Amino acid sequence: MLIQINNVCFSYPGGVEALLDVSLTVQPGEMIALVGANGSGKTTLARHLIGLLQPQAGSIQIGDWATSEHAPSQMARRVAYVFQNPDEQLFCQRVWDEVAFGPQNLGCTPAEVTSRVKSTLEWLNLQAEEQVNPRDLIYSIRKRVALASALVMQTPVLILDEPTAGLDSREQAQLSQVLASLRLQQKTVIVITHDMDFAAENLDRFIYLQNGSVLADAQASAFFSAEFLSQTSDLIAPQMVRLSFSLGHTQPSLCADQLLRNVSTG
Amino acid sequence: MPAIEVSSLTYTYPGARAPALQGITFQVEPGQLIGVVGANGAGKSSLCLALAGLIPALFHGQMQGTVKVCGLDTRLHTPGQLAGKIGLVLQNPASQLSGMRYTVYEETAFGLENLGVPRSEMPARIERVLQQVGLAALGERSPYTLSGGQQQRLALASVLVLEPAVLILDEPTTMLDPQGSQAVFKIIREAVEAGTTVILAEHHLEWIARYADRVIALAGGEVILDGLPEEVFSSPLLLEAGIGWLRCTVAAQQASPLGLWPASMPLPVTIDAAAAGFSKAARKLRDVDPDQ
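Protein chains in written order, with my numbering: chain X, 1 to 266; chain H, 1 to 292.
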């Protein structure tokens, strides 16, 4: 589903300018990393895409819907959002109810709700937790429940806010697999992240916000070029990129496999 | 006297079937930064709570063995008595705010007031620490209007200002951007250079490899490794424990059977060490095959 963000401006009460004339087009099926320092506008932009915030100037289209003409409850059919902190998102007493809440509100039949919840819990390996109160789960599993409650909506667009924060390496590998299957399903995925290693390995296009403006927008290998990195001070490149430049390669490697190919060809 | 002495510590939360910590024994000399790594659920946070004396004092449950911090047995002293020696920064900064102070400045003063620090000493200490963590301009703001990353800095400030001998940090940078994280790790390292003993639980292995003097790895509540970062971070046990390796370590291991990593060199845990090894292997290949 095509996303068009046209000249969007937004200031919070008190005058903090969070977005300044942001324009972006996202093609269906793109895998995007939305990066930038704390306070650069990443989350504000994401909240516009789900209709929680409305642009003070400009417009946003998700497919043929303008976010200004559809309530957040309607936008939820097209865009699902996973909060950084699962505790802002989870409120039911059981994991099953939490994951069922969205499809129930979409008006799915009870059979459809059951089938969606069951398959989503299986997908994220949460079957054992389905009767547990989310508050009794550790942080990283609560995060997985929050992800489940977004995936179950089966929206064409998915936004994940800092999905790797607090995850250990095995959980990050599981998240990589989820992203790989979303890629196969040709979903549009926007990941807000500081985790450049994870982003370089799992996402294609990097949009870099600074003080509410788009400072760079490029495919990963161009984004992590030596030329661009030399111009930005508040970005720490992925380990493999730094290693490839330490070795004098002209092109950045985004993952270990690519680095080894570049090393072996000299 | 060691700053921390943990001996045969086993702890089970109330109602839990299995212990969260099992047979943990280690000592830490003053002025060291110890990184604690482990998969989620391995016992990192429980160990932090035990070192601060909150386990068992607040959490109850069953504890065997002893924990001594600055020579004080945590079971013979209340958390309040330990607070002057031990500072704890929790994973979630919101759960650390006192909820009783209206501004960042007052929140930072709260611990000092409770320790009975003379009023005349407070302003200089508070201003210095707010400057250090980058919150000097936000002193008059309510702690509840801060972003997650700013709250995390405030939680650190409110503990640093007490100048504890032992500082325990449970994933202190999860909400910070890379620059913010780097700034916090520099502050922590400065505290270590000034003699503070730091226990730092953290998922981000690259920071630990760069800043820690020693690493303790936990799995299933037990210590599985305890050594220098370069020893611990290249151990296969870390992979089995779900902690994983740094990308540069993984790359070198994959390169080894291809002849792209020198057999004589240990697996690297820093980018610099990785670059040195890959360059050495490349030089050797060129020497063997001049056409390369």
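Everything labelled a hint here was simulated from the structure, so no lab data went into it. Fair warning: this is a prediction, and the values are worked out from it, not measured in the lab. For each residue, glycine too, the CB sits at the ideal point set by N, CA and C. Possibly wrong hints are sitting among the right ones.
Which stretches of chain H does chain X cover? Using the computed rule of at least three CB atoms under 8 Å from a CB of chain X, they are [claimed, not checked]:
(1) 28 to 42
(2) 168 to 175
(3) 185 to 193
(4) 219 to 230
Far from chain H, by Cβ distances over 12 Å, these chain X residues were calculated [claimed, not checked]:
(5) M1
(6) L24
(7) A66
(8) Q84
(9) Y139
(10) L184
(11) S230
Status of the hints after comparison with the structure:
1. For the stretch 28 to 42 of chain H, the stated coverage by chain X is satisfied: 4 residues place a CB nearer than 8 Å to a CB of that chain, which reaches the threshold of 3.
2. For the stretch 168 to 175 of chain H, the proposed coverage by chain X is satisfied: 3 residues have a C-beta within less than 8 Å of a C-beta in that chain, meeting the threshold of three.
3. Counting residues of the stretch 185 to 193 of chain H whose beta carbon lies closer than 8 Å to any beta carbon of chain X gives 0, which falls below the threshold of three, so the coverage claim is violated.
4. Check on the stretch 219 to 230 of chain H: 0 of its residues sit with their Cβ under 8 Å from a Cβ of chain X, so the three-residue criterion for coverage is violated.
5. Non-interface status of M1/X relative to chain H is upheld: no Cβ of that chain comes within 12 Å, the nearest being about 30 Å off.
6. Distance check on L24/X: its Cβ is at least 21 Å (rounded) from any Cβ of chain H, clearing the 12 Å threshold; non-interface status holds.
7. No Cβ of chain H comes within 12 Å of the Cβ of A66/X; the nearest lies about 29 Å off, and the non-interface call holds.
8. Listed as outside the interface, Q84/X is inconsistent with that label: its C-beta sits roughly 7 Å from the nearest C-beta of chain H, within the 12 Å cut-off.
9. The Cβ of Y139/X does not lie farther than 12 Å from every Cβ of chain H; its closest approach is about 7 Å, which violates its non-interface assignment.
10. No beta-carbon of chain H comes within 12 Å of the beta-carbon of L184/X; the shortest separation is about 24 Å.
11. With 12 Å as the threshold on Cβ separation, the claim that S230/X sits away from chain H holds: the shortest Cβ distance comes to roughly 17 Å.
The structure is inconsistent with the numbered hints 3, 4, 8, 9, although it conforms to all the rest.
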